[in-house]
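Below are the chains, spelled out letter by letter.
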Amino acid sequence: MESQQLTTLTGVIDKKMNRQLKQYMDICARCAICKDACHQYVGTGDFKYLPARRAELIRQIYKKYFTKAGEFVPALYEARDPDENLLEELYESTYACTGCRRCMYYCPFSIDTAWILSVAKSILIAAGMGNEMLGQLADAAIFKGDNAEMFEDVMISGFKEIEEEVRQITGNPEAQVPVGKQGADVLYVALAGAHSIRPAAVIFEEAGENWTISMFEAANYGFFYGDAEKARLITKRYIDEAKRLGVKEIVVPECGHAYRVAEFFYEAWSKEPMPFKVSHILEKVDDYIKSGRITVDKGIIQGKVTYHDPCQLGRNGGKFEQPRDIVKAVTDNFVDLTPNREKQWCCGGGGGIVAMEEFTKTRLASGIKKVEQLKASGASVLACPCENCRLQIEELNDIHELGLEIWQVIDLVVAAMPLPGNKKAAE
Amino acid sequence: MSDEIKVDLELDLKGLLCPLPMVKVSQNISKVEVGEVIRAVATDPGAMADIPAWAKSTGNEVLQAEKVDGEFVFLVKRVK
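Line by line, the protein sequences are chains A and B.
All residue numbers for the first sequence refer to this note's numbering, where the first residue is 159 and numbers rise by one.
All residue numbers for the second sequence refer to this note's numbering, where the first residue is 53 and numbers rise by one.
The set of hints was computed from the structure by calculation and includes no laboratory data.
Positions of the beta carbon are idealized from the N, C-alpha and C atoms, including for glycine.
It is possible that some hints are incorrect.
Simulated crosslink set (BS3-like; lysine-lysine; CA at most 30 angstroms straight-line) [unchecked claim]:
{"#": "1", "chain 1": "B", "residue 1": "Lys132", "chain 2": "A", "residue 2": "Lys519"}
{"#": "2", "chain 1": "B", "residue 1": "Lys66", "chain 2": "A", "residue 2": "Lys581"}
{"#": "3", "chain 1": "A", "residue 1": "Lys401", "chain 2": "B", "residue 2": "Lys83"}
{"#": "4", "chain 1": "A", "residue 1": "Lys318", "chain 2": "B", "residue 2": "Lys58"}
{"#": "5", "chain 1": "B", "residue 1": "Lys83", "chain 2": "B", "residue 2": "Lys66"}
Just some of the chain B residues that point at chain A, by a computed CB distance under 8 angstroms [what the hints assert, rightly or not]:
{"#": "6", "residue": "Cys70"}
{"#": "7", "residue": "Lys83"}
{"#": "8", "residue": "Pro97"}
{"#": "9", "residue": "Trp106"}
{"#": "10", "residue": "Thr110"}
{"#": "11", "residue": "Gly111"}
{"#": "12", "residue": "Val114"}
{"#": "13", "residue": "Gln116"}
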């Protein structure tokens, strides 16, 4: 490795290594409890996916360049250069990781392997080995932000089509998908797809919410790519929009990482306080149901219903009960998966892995624990508030012939609402 | 317009929800040679912004992006 590149890579580590990460470098006892917690290691049996091993690669470089023992007796202390072999293994183990942090939950020292892998991604990007697909998707989002006027007409045209559907479903000819509404209380930052906007718009309109739709999507491939600056720029698009419109609250859609990015990471990336309240759409819907702003009927959804906690919303976002309360409001036939909440198994579809074809075999093999859970539940309907999770579970559903109906939670809510459009659809 | 341009790869992206149509175009662009064209048909209106944004930011070219009978049809030329 050329000395200039070596200086760059060790410089990245030096910059990223705060006190907590240095502690992670020192403290791992190699007990390997994390191997039984990782869906990817359990599903594949591949050593490179063992969480402690993933972190070990960073630890080896750290030892070589940041400890005297590793510097002088590298063979004894398993200290290594970030050579081609190490970087290739690091790429595989890092970008395959879904960042579910189940390993951290079970680790006796709570070592946050996903955080260590954020350092790994910075090293890989500095070495020119960042995942190309995720980088492209992040750049496309930033381009949209920088050239918003270029896409304005097509976006508004799409919103108007959705507005027509909302009017049919609600039976309200005045129902709207408001765009650029000054003085709205809520800015709803959806995903790019209509599926993320339509049911939310129905619920907002029925709840009488003073809302407006964002011109930008909440998904953040800069976060998956591992580039904090790209991730910040992608998030900043709708933060600036919210400031322009003078809203009080930003509501993010059924997307795991979008909530975590807005609620927990943006402040650190931007070094400014988040000027708005951030809510997940399911927090709003739970509130609407409990306060009587919308009505749902328990008799509509047929079959046993279960719920999958997306890792970024549940274990890493702390939202366990509101989604369950919503599901329980639309059915008396709810069954939880086992284990659940903070111990929930990752489905294997997070961290941007569904966009990276090279990991398809690993991804599908890593879903085996989720398949076992779903089979054991006996459920015929799955509610799941994360796009990546649904994509993964839909594939598992087909491959393992689980026979599940897989729904967004807000779609279940709309289906259970006494709306003229629903009655018409049922006739 | 699509009748006049030779299509080298067809992508049926109907039913895929955004951002997947953009992801699929991105995944498949390396499967055609520089100068060749992908024809992609999507049904999610979000693709009308997503795919042109992806093309602009990656230096590829969208020759056509239009709605035809409720579907969104794209001709994407690999430029580099």
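Checked hints:
no., hint, verdict
1, B:Lys132 / A:Lys519, "29 angstroms, holds"
2, B:Lys66 / A:Lys581, "27 angstroms, holds"
3, A:Lys401 / B:Lys83, "42 angstroms, violated"
4, A:Lys318 / B:Lys58, "34 angstroms, violated"
5, B:Lys83 / B:Lys66, "20 angstroms, holds"
6, Cys70, "4 angstroms, holds"
7, Lys83, "11 angstroms, violated"
8, Pro97, "4 angstroms, holds"
9, Trp106, "4 angstroms, holds"
10, Thr110, "5 angstroms, holds"
11, Gly111, "10 angstroms, violated"
12, Val114, "12 angstroms, violated"
13, Gln116, "14 angstroms, violated"
Violated hints, in rising order: 3, 4, 7, 11, 12, 13; the structure is consistent with all others.
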